[in-house]
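Chemist: Sequence:
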Amino acid sequence: MIRYLVKNNLKLMSRSVTNILLLVIMPLILIALLSSAFNDMMKKYEDKNEIHAGYRIEGEKVSPEIIDAFKSSAAEKGFVLQEYEYGDPKELMNKEEIDGFVVFGDDTYSIYQSDDAKEEGKILEYTISAFYENVNAELMQLDTKSVTPAVEHPDYMSPIDSKDYYGIIEIVYFGWCAIVCGAGIFTSEKKYRIRKKLQVSKLSEFQLYLAKFIPMLIAVSLGILASALLSVALFGVHWGNPILSMIIVLFSVAAATAFGLMFYMIFDNLVVTIIGVFIAVWLAGFFGGSFETYMFSSHPMTLKLLSPIYHINRSLTELSCMGKSDYVVSAILFCSGIIIVCSFIAVLAGSLRKRGKA
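Position one of the sequence shown corresponds to residue 1329 (this note's numbering), numbered consecutively onward.
Hints were generated in silico from the structure; no laboratory data involved. Watch out, some of these pointers could steer you wrong.
[As the list claims (entries may be wrong)] Lysine-lysine pairs mimicking DSBU-like chemistry, simulated, CA-CA at most 35 Å apart:
(1) K1632 - K1399
(2) K1682 - K1652
(3) K1339 - K1389
(4) K1530 - K1335
(5) K1524 - K1682
(6) K1418 - K1399
(7) K1418 - K1446
(8) K1389 - K1423
(9) K1446 - K1399
(10) K1525 - K1335
(11) K1423 - K1446
(12) K1339 - K1519
(13) K1450 - K1399
(14) K1652 - K1446
(15) K1450 - K1632
Kindly generate the complete structure, drawing on both the sequences and the hints.
Modeler: Below you can see the structure in the form of structure tokens.
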């Protein structure tokens, strides 16, 4: 019986094929628009092979030999220092297009950072700080040839192209609008009073729930898969680990389907359901990086971590640019929790409504 209902609901959804096509076409349109608009911004995030900085010695205790030792050690890490004896540091940064400038004093130092290279400025500050911690007054009195300052570079996320980023997260975002594809099922239930007929059947409320959940999951997954394949063909989007990415997206679609069905079973109104789901998904996408890249957004980390879309977006984008991600497990667990909780609430709401009408 449930197999027949699943098949019948798939046919009902096929009559509203426009809703499914929206999941295929709309992400592609946004990918084209957003990837082009934010292309320059994402390029600034790309890692530089070398970080260039200027310096000047104004203290007598800082000998040129110490600076040479530091320059040699820093060069191994891709850090290049250029001495400028004269000129204003800020003007030199703009004129020479360098990432930062440091003025060495006897016991202090001053660092100038460029507004266009803030991350490089932070690395410069960290490097100089490490230099001063290791090369203290006591070491300066020793043989300078034995001085080997410790220079470390903190881990950073590999750069990701704007087409890869938006090519992934927009597909995830529209996958969370899965409830729209169920419009054909809900409309037919109301029009032909199918639900009342099913209430007298021997099917449990959970089976009736699966009769909606399974066809919606199939239809939305096929639409999202088609959109993902087209994104690869049209824009060259790189999905990293295809199998693992597909599993994450499948869990995401399943969670979105359960979330939408929960809203519908509670309110029993398609318009209210679509509005409620849209608001919730928009908020989750807002904090999860669907509009502003989560790497550059200033939202508190607590709010980001509360968004399931953030976990999904981050796991997929890191798989794309690094081949691995610590957020894969959290994304799957987050989606699994939503599927279980929302399905339970949806079945419970359906049972209560059935008893109320009995």
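Chemist: Please go over all the hints and tell whether each is borne out by the structure.
Modeler: Right, here's what the structure says about each hint:
1. Of the pairs offered as hints, the one joining K1632 and K1399 is violated, with about 40 Å between alpha carbons and a cut-off of 35 Å exceeded.
2. Taking the CA atoms of K1682 and K1652, the gap is about 47 Å. The hint is violated against a cut of 35 Å.
3. In summary, the hint linking K1339 to K1389 is not supported, as the alpha carbons are separated by about 83 Å, beyond the 35 Å threshold.
4. For the proposed pair K1530 and K1335, the alpha carbon gap of about 18 Å is at most 35 Å, so the pair holds.
5. Restraint check for K1524 and K1682: the C-alpha separation of about 9 Å stays at or below 35 Å, so the hint holds.
6. Our distance criterion of 35 Å between C-alpha atoms is met by K1418 and K1399, whose separation comes to about 22 Å.
7. Note on K1418 and K1446: the hinted pairing holds, with a Cα-Cα distance of about 14 Å set against a maximum of 35 Å.
8. For a cut-off of 35 Å, the pair hint linking K1389 to K1423 stands: about 29 Å separates their Cα positions.
9. With a C-alpha separation of about 21 Å, the suggested pairing of K1446 with K1399 holds against the 35 Å cut-off.
10. At most 35 Å may separate the alpha-carbon atoms for a hinted pair to count; K1525 and K1335 meet this at roughly 17 Å.
11. Distance hint between K1423 and K1446 is fulfilled; the C-alpha atoms sit about 17 Å from each other, no more than 35 Å.
12. Taken as a hint, the K1339 and K1519 pair is honoured in the structure, with Cα atoms around 16 Å apart against an allowance of 35 Å.
13. At most 35 Å may separate the alpha-carbon atoms for a hinted pair to count; K1450 and K1399 meet this at roughly 18 Å.
14. Our distance criterion of 35 Å between C-alpha atoms is met by K1652 and K1446, whose separation comes to about 27 Å.
15. Taken as a hint, the K1450 and K1632 pair is honoured in the structure, with Cα atoms around 24 Å apart against an allowance of 35 Å.
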